[in-house]
Amino acid sequence: MKRPVLDSMLLASTDPDRLRDWYAAALDPAESSSVDAYRVLRFGTFHLLIDHRDDVGPKAADAARMILNFDVGDARAVAARMDELGTEWVAPLEDREGSLFTTAKDPDGNYVQIIQLSEEHLAEMENLS
Numbered sequence: 003m004k005r006p007v008l009d010s011m012l013l014a015s016t017d018p019d020r021l022r023d024w025y026a027a028a029l030d031p032a033e034s035s036s037v038d039a040y041r042v043l044r045f046g047t048f049h050l051l052i053d054h055r056d057d058v059g060p061k062a063a064d065a066a067r068m069i070l071n072f073d074v075g076d077a078r079a080v081a082a083r084m085d086e087l088g089t090e091w092v093a094p095l096e097d098r099e100g101s102l103f104t105t106a107k108d109p110d111g112n113y114v115q116i117i118q119l120s121e122e123h124l125a126e127m128e129n130l131s
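If you count the sequence shown from 1, position 126 lands on 128 in the working numbering, and the numbers rise without skipping.
Everything hinted at is true.
Pairwise CB distance ranges, derived in the manner of DEER restraints:
| hint | residue 1 | residue 2 | range |
| --- | --- | --- | --- |
| 1 | Ala-82 | Gly-46 | 17 to 27 Å |
| 2 | Glu-121 | Asp-53 | 37 to 47 Å |
| 3 | Asn-129 | Asp-53 | 33 to 43 Å |
In silico lysine to aspartate or glutamate, EDC-like type, Cα no more than 20 Å apart, as pairs:
| hint | residue 1 | residue 2 |
| --- | --- | --- |
| 4 | Lys-61 | Asp-23 |
| 5 | Lys-61 | Asp-17 |
| 6 | Lys-107 | Asp-73 |
| 7 | Lys-107 | Glu-90 |
| 8 | Lys-107 | Asp-64 |
| 9 | Lys-107 | Asp-76 |
| 10 | Lys-107 | Glu-86 |
| 11 | Lys-107 | Asp-53 |
| 12 | Lys-107 | Asp-23 |
| 13 | Lys-107 | Asp-85 |
| 14 | Lys-107 | Asp-17 |
| 15 | Lys-107 | Asp-30 |
| 16 | Lys-61 | Asp-19 |
| 17 | Lys-61 | Glu-90 |
| 18 | Lys-107 | Glu-96 |
| 19 | Lys-107 | Asp-19 |
Simulated from the structure, these hints should not be mistaken for lab results. Backbone N, C-alpha and C define an ideal beta-carbon position, used for all residues, glycine too.
All chains, please: the whole structure from these sequences, using the hints.
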């Protein structure tokens, strides 16, 4: 029996084009396309699906409940792009023992965490598998 694989996440929005455009500009996905009414962004093997929904508000009601984590090669460059987009920050970029972390809000208020792990932390994670 095939084991489950987390492949995608659906973000519902009242303005899916704005949300897709922000993620594409801020995080440079490997692919950006449309499938039926869905806006599809691929980051590695993970797909972020963005869809229009009338049953959600324009802003996330409980944004801290779910945080999208993005592993990046240059957290400072990503944070600078997000600054250029007028992004609201939840937590500023900080160095945690050589790894960089910051948390922002996307245009709908969802939390987006940018993580750049140090070589040391990457090696430690490799040893866990």
